[in-house]
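In order, the protein sequence lines correspond to chains L and Z.
Counting along the first sequence from 1, when you hit position 61 you're at 61 in my numbering, and nothing is skipped either side.
Counting along the second sequence from 1, when you hit position 36 you're at 36 in my numbering, and nothing is skipped either side.
Worth flagging that the hints you see were computed from the coordinates, not collected in a lab.
Glycine is no exception: its CB is placed at the ideal position from the N, C-alpha and C atoms.
Treat each hint with caution, since some may be false.
If you want a taste of the chain Z side facing chain L, the calculated C-beta under 7 Å gives, among others [as the list claims (entries may be wrong)]:
(1) C99
(2) S105
(3) Q111
(4) E120
(5) V130
Here are the in silico distance ranges between beta carbons for each label pair [unchecked claim]:
(6) L/D157 <-> Z/E103: 22 to 30 Å
(7) L/Y112 <-> Z/D158: 45 to 53 Å
(8) Z/H176 <-> L/D27: 39 to 47 Å
(9) L/A54 <-> Z/R68: 58 to 66 Å
(10) L/D27 <-> Z/A76: 29 to 37 Å
The residues making up each chain are set out below.
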Amino acid sequence: MATPAPRLKVATTSLAGCFGCHMSFLDIDERLFELLEHIEFDRSPLTDIKTCGACDIGIVEGGVCNAENVHVLREFRSQCRILVAIGACAITGGLPAQRNHLDLADCLREVYQTDPGTPGGRIPNDPELPLPLDKVHPIHEVVRVDYFIPGCPPSADTIWKFFTDVLAGRTPTYPHGLIHYD
Amino acid sequence: MSTSPTFTLDGREIPFEAGQTVLQAALTADVYIPHLCYHPEFKPHGSCKVCTIKADGRHVSACTWPARHGMVVENATEELDDLRRTLVQMLFAEGNHFCPSCEYSGHCLLQAVGYDLQVETAGFRHFFPVRPVDASHPEVWLDLNRCILCELCVRASDEVDGKHVFGLSGRGAGKHLIVNALSGRLADTDMAATDKAAEVCPVGVILKKKAGFRVPIGERPFDREPVSAQAARYAPRPPARHREED
Ligand code: SF4
Ligand code: SF4
Ligand code: FES
Numbered sequence: 001m002a003t004p005a006p007r008l009k010v011a012t013t014s015l016a017g018c019f020g021c022h023m024s025f026l027d028i029d030e031r032l033f034e035l036l037e038h039i040e041f042d043r044s045p046l047t048d049i050k051t052c053g054a055c056d057i058g059i060v061e062g063g064v065c066n067a068e069n070v071h072v073l074r075e076f077r078s079q080c081r082i083l084v085a086i087g088a089c090a091i092t093g094g095l096p097a098q099r100n101h102l103d104l105a106d107c108l109r110e111v112y113q114t115d116p117g118t119p120g121g122r123i124p125n126d127p128e129l130p131l132p133l134d135k136v137h138p139i140h141e142v143v144r145v146d147y148f149i150p151g152c153p154p155s156a157d158t159i160w161k162f163f164t165d166v167l168a169g170r171t172p173t174y175p176h177g178l179i180h181y182d
Numbered sequence: 001m002s003t004s005p006t007f008t009l010d011g012r013e014i015p016f017e018a019g020q021t022v023l024q025a026a027l028t029a030d031v032y033i034p035h036l037c038y039h040p041e042f043k044p045h046g047s048c049k050v051c052t053i054k055a056d057g058r059h060v061s062a063c064t065w066p067a068r069h070g071m072v073v074e075n076a077t078e079e080l081d082d083l084r085r086t087l088v089q090m091l092f093a094e095g096n097h098f099c100p101s102c103e104y105s106g107h108c109l110l111q112a113v114g115y116d117l118q119v120e121t122a123g124f125r126h127f128f129p130v131r132p133v134d135a136s137h138p139e140v141w142l143d144l145n146r147c148i149l150c151e152l153c154v155r156a157s158d159e160v161d162g163k164h165v166f167g168l169s170g171r172g173a174g175k176h177l178i179v180n181a182l183s184g185r186l187a188d189t190d191m192a193a194t195d196k197a198a199e200v201c202p203v204g205v206i207l208k209k210k211a212g213f214r215v216p217i218g219e220r221p222f223d224r225e226p227v228s229a230q231a232a233r234y235a236p237r238p239p240a241r242h243r244e245e246d
C-alpha cells in the first residue's frame with residue numbers, strides 16, 4: 001500500500017523587507033489548504049518558530065541590511081536544501097537599497113538628530129540592536145540562491161506557480177503575466 | 001518570373017529587400033529577434049548585442065548584419081538566449097533599476113525583454129552606481145540611474161531635432177550620458193518636451209513631467225502582450241527610406 005509522500009518542510013523569513021511578499025503568499029487564499037497537504041511550516045512568521053531546522057525549501061523575503069540579516073540568511077542557507085529569493089528586495093536590494101547612494105552615518109544623523117521631529121535625539125546604540133551594514137545587498141550577493149520569484153510583491157498566482165512547479169519536480173517558470181519586476 | 005531573395009531563420013524562409021538587415025527583414029516577416037538599441041527610425045547602432053544571432057555559424061548583430069540570399073540564421077536557440085540573458089542581467093546590475101518605483105515600468109523595453117527571456121535575477125553583484133537625477137528642466141526630467149547607453153536620444157537629438165542635447169562621455173565602465181550645457185543641466189539646453197529625443201528612450205531615463213503613472217497597471221503596453229508578440233508594431237523600413245519619410 002502506497003504511503004502518502006512526506007510533506008516538504010518550508011521555512012520563510014523577512015529580512016529587509018516589508019512583509020508584502022508574505023501577505024501575497026497568504027493571498028493564495030483557499031489554495032493554502034491544498035498546499036498544506038504537501039508542505040508543513042518550520043521557522044516562519046506564520047508559526048513563530050524562531051530557529052530554522054533542516055528544511056526542504058527556505059523562502060527569503062527582503063535584502064540584507066544589517067548583521068542579523070546576514071546571520072539569519074546564513075542559517076537558512078545551511079538548513080535549507082532549496083533556497084528561494086522572493087520579491088524585489090531579496091532579488092535586487094529593492095526599496096531599502098535606495099539608501100545605497102547615501103552615506104550611512106548621514107542617514108542616521110538625518111533621521112535621529114537633524115530631523116525637526118527628533119530634536120535633541122541620539123542615534124540608538126543599544127548593544128541588542130543589529131549593526132546596520134554600510135550598503136544593502138540582494139541576498140544572492142551573500143549566499144547561493146537556487147530560485148527567484150520576482151515581483152513587488154509577486155502575485156499570489158506567481159507564488160502558486162512556484163509551488164506547483166516545485167512540488168511537481170519542475171524548475172519554476174513564470175509565463176507572461178506572472179513574471180513582473182514591479 | 002522574379003523571386004525575391006530569402007534567407008532561413010530557424011528553418012523558416014524570410015524574404016527581404018535589398019539593403020535590409022536581418023533584424024529588419026525578420027520584423028517585416030513578423031518574426032521577433034530580441035533587441036534593445038535598435039529603433040526602426042534610426043540607423044542601427046549595434047551596441048547592446050542583445051540581437052546577437054548566428055549567421056552561417058558566426059555570431060553577429062542582427063540589427064547591423066545585412067541580409068544575404070541563402071544565408072542560414074539561428075535565432076531562438078538556448079545558446080543565444082543564454083547569451084542574451086547574461087547581457088540583460090549585466091545591464092540590470094550596472095545601473096539602478098528599481099522597477100517598483102519607475103514610472104516607465106510596463107512601458108520599458110529592457111524590462112519587457114527581461115520578462116521575455118525569463119530573467120529572474122541580475123545574478124551579478126550590483127554596482128549601485130551614484131547617478132543623480134536631473135529635474136532642472138520644467139517639462140522633462142532625467143533619471144540617469146536607468147541609462148543603458150543605447151544612444152537613441154543622442155541620435156534623435158542630432159539627426160531629427162538638430163539640437164545636440166545629449167552625448168556619451170567616458171570609456172568602459174565609466175561611460176555615461178551627458179547633457180550638452182556648460183552647467184551639465186538639462187534646463188540650460190534648448191530641449192523641449194515635443195522633441196524626438198524626449199520620446200525615444202527605451203527605458204525610464206528621459207521622462208516627461210506630469211505624465212507618469214497615467215496608465216493603470218494591467219493596461220500598460222507590456223502588461224497586455226509580451227514584447228515578442230508586439231514585434232510587428234515596430235514596422236521596420238529599409239534603411240534607404242529612413243530619412244525621407246520623417
Ligand atoms: S528603466 Fe525599465 S528596467 Fe529600469 S527601473 Fe525602469 S522599468 Fe525597470
Ligand atoms: S538616456 Fe535613454 S535613449 Fe539615451 S542613451 Fe540612455 S537609455 Fe539610451
Ligand atoms: S539591437 Fe542590435 S546591438 Fe542592440
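Hint check results:
no. : hint                          : verdict
1   : C99                           : 4 Å, holds
2   : S105                          : 4 Å, holds
3   : Q111                          : 6 Å, holds
4   : E120                          : 4 Å, holds
5   : V130                          : 4 Å, holds
6   : L/D157 <-> Z/E103: 22 to 30 Å : 25 Å, holds
7   : L/Y112 <-> Z/D158: 45 to 53 Å : 49 Å, holds
8   : Z/H176 <-> L/D27: 39 to 47 Å  : 41 Å, holds
9   : L/A54 <-> Z/R68: 58 to 66 Å   : 59 Å, holds
10  : L/D27 <-> Z/A76: 29 to 37 Å   : 35 Å, holds
Comparing the model with each numbered hint stated earlier shows that all of them hold.
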